[in-house]
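Spelled out from the first residue to the last, the chains are:
Number of protein chains: 2
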Amino acid sequence: MEKLIRVHMDTLTVTEETAESYKGLGGRALTSHIVGAEVPPLCHALGRNNKLIFAPGLLAGTNAANSGRISAGAKSPLTGGIKESNAGGTAGHKLGNLTIAALVIEGTPSEDTLYKLIITSKGAEILPANDLAGLGNYDTVAQLTKDYGDRVSFITIGQAGEMLLSAASIAVTDMENRPTRHCGRGGLGAVMGSKGLKAVIVDDAGVQRPPMVDQEGFKKAAQKFAKALLEHPVTSEGLPTYGTNVLTNVINESGALPTRNFSQGQFEGASETSGETQHDIILKRGGKIKHPCLPGCVIQCSRIYNDKEGKYLTKGPEYETVWAHGAHCGINDLDAIAQMDRLEDDYGLDTIETGVTIGVAMEAGLLPFGDAKGAIELVKEIGKGSVLGRVLGNGALITGRVYGVTRVPVVKGQALPAYDPRAIQGIGVTYATSTMGADHTAGYTTATNILGCGGKVDPLKPEGQVELSRNLQIATAAIDSTGLCLFTAFCILDKPEAFEAVYEMLNARYGLQLTGDDVTALGKTILRVERDFNQAAGFSAADDRLPEFFTQEKVAPHQAVFMVSDDELDTLFNF
Amino acid sequence: MEKLIRVHMDTLTVTEETAESYKGLGGRALTSHIVGAEVPPLCHALGRNNKLIFAPGLLAGTNAANSGRISAGAKSPLTGGIKESNAGGTAGHKLGNLTIAALVIEGTPSEDTLYKLIITSKGAEILPANDLAGLGNYDTVAQLTKDYGDRVSFITIGQAGEMLLSAASIAVTDMENRPTRHCGRGGLGAVMGSKGLKAVIVDDAGVQRPPMVDQEGFKKAAQKFAKALLEHPVTSEGLPTYGTNVLTNVINESGALPTRNFSQGQFEGASETSGETQHDIILKRGGKIKHPCLPGCVIQCSRIYNDKEGKYLTKGPEYETVWAHGAHCGINDLDAIAQMDRLEDDYGLDTIETGVTIGVAMEAGLLPFGDAKGAIELVKEIGKGSVLGRVLGNGALITGRVYGVTRVPVVKGQALPAYDPRAIQGIGVTYATSTMGADHTAGYTTATNILGCGGKVDPLKPEGQVELSRNLQIATAAIDSTGLCLFTAFCILDKPEAFEAVYEMLNARYGLQLTGDDVTALGKTILRVERDFNQAAGFSAADDRLPEFFTQEKVAPHQAVFMVSDDELDTLFNF
Chain A
1 MEKLIRVHMD TLTVTEETAE SYKGLGGRAL TSHIVGAEVP PLCHALGRNN
51 KLIFAPGLLA GTNAANSGRI SAGAKSPLTG GIKESNAGGT AGHKLGNLTI
101 AALVIEGTPS EDTLYKLIIT SKGAEILPAN DLAGLGNYDT VAQLTKDYGD
151 RVSFITIGQA GEMLLSAASI AVTDMENRPT RHCGRGGLGA VMGSKGLKAV
201 IVDDAGVQRP PMVDQEGFKK AAQKFAKALL EHPVTSEGLP TYGTNVLTNV
251 INESGALPTR NFSQGQFEGA SETSGETQHD IILKRGGKIK HPCLPGCVIQ
301 CSRIYNDKEG KYLTKGPEYE TVWAHGAHCG INDLDAIAQM DRLEDDYGLD
351 TIETGVTIGV AMEAGLLPFG DAKGAIELVK EIGKGSVLGR VLGNGALITG
401 RVYGVTRVPV VKGQALPAYD PRAIQGIGVT YATSTMGADH TAGYTTATNI
451 LGCGGKVDPL KPEGQVELSR NLQIATAAID STGLCLFTAF CILDKPEAFE
501 AVYEMLNARY GLQLTGDDVT ALGKTILRVE RDFNQAAGFS AADDRLPEFF
551 TQEKVAPHQA VFMVSDDELD TLFNF
Chain B
1 MEKLIRVHMD TLTVTEETAE SYKGLGGRAL TSHIVGAEVP PLCHALGRNN
51 KLIFAPGLLA GTNAANSGRI SAGAKSPLTG GIKESNAGGT AGHKLGNLTI
101 AALVIEGTPS EDTLYKLIIT SKGAEILPAN DLAGLGNYDT VAQLTKDYGD
151 RVSFITIGQA GEMLLSAASI AVTDMENRPT RHCGRGGLGA VMGSKGLKAV
201 IVDDAGVQRP PMVDQEGFKK AAQKFAKALL EHPVTSEGLP TYGTNVLTNV
251 INESGALPTR NFSQGQFEGA SETSGETQHD IILKRGGKIK HPCLPGCVIQ
301 CSRIYNDKEG KYLTKGPEYE TVWAHGAHCG INDLDAIAQM DRLEDDYGLD
351 TIETGVTIGV AMEAGLLPFG DAKGAIELVK EIGKGSVLGR VLGNGALITG
401 RVYGVTRVPV VKGQALPAYD PRAIQGIGVT YATSTMGADH TAGYTTATNI
451 LGCGGKVDPL KPEGQVELSR NLQIATAAID STGLCLFTAF CILDKPEAFE
501 AVYEMLNARY GLQLTGDDVT ALGKTILRVE RDFNQAAGFS AADDRLPEFF
551 TQEKVAPHQA VFMVSDDELD TLFNF
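Each protein sequence line maps, in turn, to chains A and B. Sequence positions in the first sequence follow our numbering and run 1 to 575. Sequence positions in the second sequence follow our numbering and run 1 to 575.
Looking at chain A on its own, in the form it has when it is part of the complex:
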């Protein structure tokens, strides 16, 4: 973790510097610190003053289980605030092997030309890439694979990013070199598009793993960590067997599965779209369950989803994707959902934002709830770049504005994920207060509210939710800096030795003396940096609120409204 590579898209030059001023930071900690220090909070997110940062986590290049996620950060064109979004795939570890702490993409090219960035052990180079213009992520990767082989990682944008749509994602290739792992949220694909950067090729050929200060200590800690993961029921059973979509039945049962644009809390088609049903379909068609999305994964919640002919269609759609295109749209057809997942991975779109937007379009009357065919056509409009596609590709808030919809589930301009905050009050606190806009991963209280990890807090009562969300937001910020998969948190929350192992691995890797308190302190610092940026960008207490209807419209089956008071929400950052 020594080098910071600056890629100047205005002059088409690359410079290298030591990462001294950002020492000890990786992943989200690093992207957020660079954005906080170097990006003017009031700049246009698609203008030359924004910067796009890629940073692998602190454990990148090691064999720590479930490490190697890569963070992307910038000012978000979707929220107008700071954004960090991380993905699995192979690029994180490769950047770690190359001892690159971060790529900082700066400026915008003066001409309307597309470029690609090639990173090898010899350095980084910008080359024209107009041959890739207009290609989806799958075709882009296929083309790049011809040129660079399949032992490299690709970080790419599809049509959505090129069109500067604010639901655009950044794709990272997976273990099979498919563009299925996405920095999805916040429109970072549009920032990459605004920089004229179609693809980053990361080639670590000829390099070894990065240096390790205490090889033996690391080995011990890493074993302890992996063992804990393999013993916890969520990470060793639920997730491997049924994938993240194991949650559909669980959340539906708890009355928190937002249905037809958050008008109900249970979906009559839940079982048709559940992880159990997905599991059976996948096995029947010769797909794959228990599939890793990055090297060294022991949880293996990813899967391969084949079409009816047994041909690869997409990775197994995640729970939030299934929900956004399923219950939220009143659609109970897993194949239709998988098709949309594939299209969105190809165009380079956040599946949560896009699915929620389709539900808002349904509420606006563009098509009826439950119309799976119509929903697929809407997604295709985005790929085509029609006017309607551009509207939808800019997300739920913009679509709601264009059609005058009053029930638009967004916070800070970002669509709410798959958990109704009236039936899981804790996640409502996270949605409202997260520096990222509505984001379940920012402080996943569902773990405690519903799954009973890390204690118990009644999901239907306002009491204790702010504290729960606060602690999880702090912990998450720290985990997002290590490159560890967030799902390790289920285990970390319950098993003290798993938490110990995390900072022991960091200590061994870097020769540090971190304690648990230091990890917590890092999380707090990250949140403060992010919140400071957001405040300078214009966010105030009013932005830490759920949309009006969550406090006014009761949702079945609990007839619940969101009850955590504004005053309580405003204490979240009191730490």
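I should point out that these hints are in silico values taken from the structure, not numbers from a laboratory. Careful, some of the hints might be misleading.
Heads up, incomplete: computed chain A residues facing chain B, CB under 10 Å, no partners named [claimed, not checked]:
| # | residue |
| --- | --- |
| 1 | Thr-108 |
| 2 | Glu-111 |
| 3 | Ala-542 |
| 4 | Phe-573 |
Beta carbons are placed, not taken as given, at the ideal position from N, Cα and C, and that holds for glycine.
For chain A, the structure is supplied; the task is to place chain B on it using the hints.
Same frame as chain A, now just chain B:
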């Protein structure tokens, strides 16, 4: 000014109360106080918790020269903040005659039905109006005139308001009963649409002017006021002869005429679109110059613009309308501009927001700058309600978002009017800090910066601009509460006796002992109420800023950038 009429669109009932709690307030003072006291700042602007208020000024129903403007107020769907927008026409005086201080339109109807509200001396009544659905303002008024005659006033929305577009205006009929006077800014037409209210019919048949405490005193003060107006060169010569469009040449000369989406400060086609040229066209075609937009107007800056066949086309497009569709779009064709003015009055659209949006669409590459025919077609798209039309009808910010444009001239989501803030730094302060979003009328420093009314402040230097804008914003808020046309301010700024006459008229009408200080205090109070609402709605210092490009891109001919510092801007409300 005694009654407050509440119109409950949820129950389709009307209640009447004394305006006791809002005593002494009229026009903007009254709309803003009601919004501040009764509308939850975080409600959805198109939802049931927003309220739409119509309030004539304090001098409504009197024969004070240039009085009788009507204010509309609500939470704005365009800015998300408080909004007051006022118009001429005949409705203000008629409401004054009926001693109605305000109409407060509350709630939303449960069914998708349109209604009209009839107000007479006998009371107010809500009736179905589905026969008016989908009609433009001109057809709506024609239909209503058949039913209610031509001695009443109509307040209506066109297709844009029905479609809930956030550039939708509210039309008020003029002296010839044409829907040419608009509460244009901030999307209040969409709020009216969300209430299911297509039209308000104001019939003052059988009532006298409202009571006057000191008849003789009023007469004297009113005469003093009219005399001052008739002596000031701006209100007695420039405006009557050439209309507001007298400014095109003046502002172009000063290098402050924003051209091709604010990329230049002078337009080579200025003279073809000037007030002088318009004057000649109007006379040649048998139109009318020196035309009043409301009863008792002595300035008469309105005009009647006929087409090439000598047939009525529209009112003389105002300077800001000419600019928005002219220089801003690189269009030098007054007839094309007049056609768009007519279409927008008919659909019920803010001409500033719409024209600026077309320029942003040109910057996005939808059509080339200067394409008058293409621009007209874009306006027609809005009327049709096509997807593109819905995008454009939601204004410059949304259009910029949908197309990924980085040079989008808006503050608080509202399009900048016809004065480049780099060449008139004072107006930049008003744009940045006004509670209304970018709005030249909120503190028209051009009067002093360029026209030399009320002193002199160098338009190109940052010094003194905040003080100038502050004083004018305070004065304007007060004037907007009297129902006086803002153009009286040119005279009030220069002639102490005109200012005296204003509070003398109020004293005589109501039996008060107001002084000049009281008027200033009222202005300050209004601004505070508005700013408090905006802060609770989420605005912070970051929202009191011009878009980034004004401080970074130099504009010809002065090669100027906006130079008033953020710190100075933040002192505007120190009063």
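Unsatisfied constraints (hint numbers, rising): Of the numbered hints, 2, 4 do not hold.
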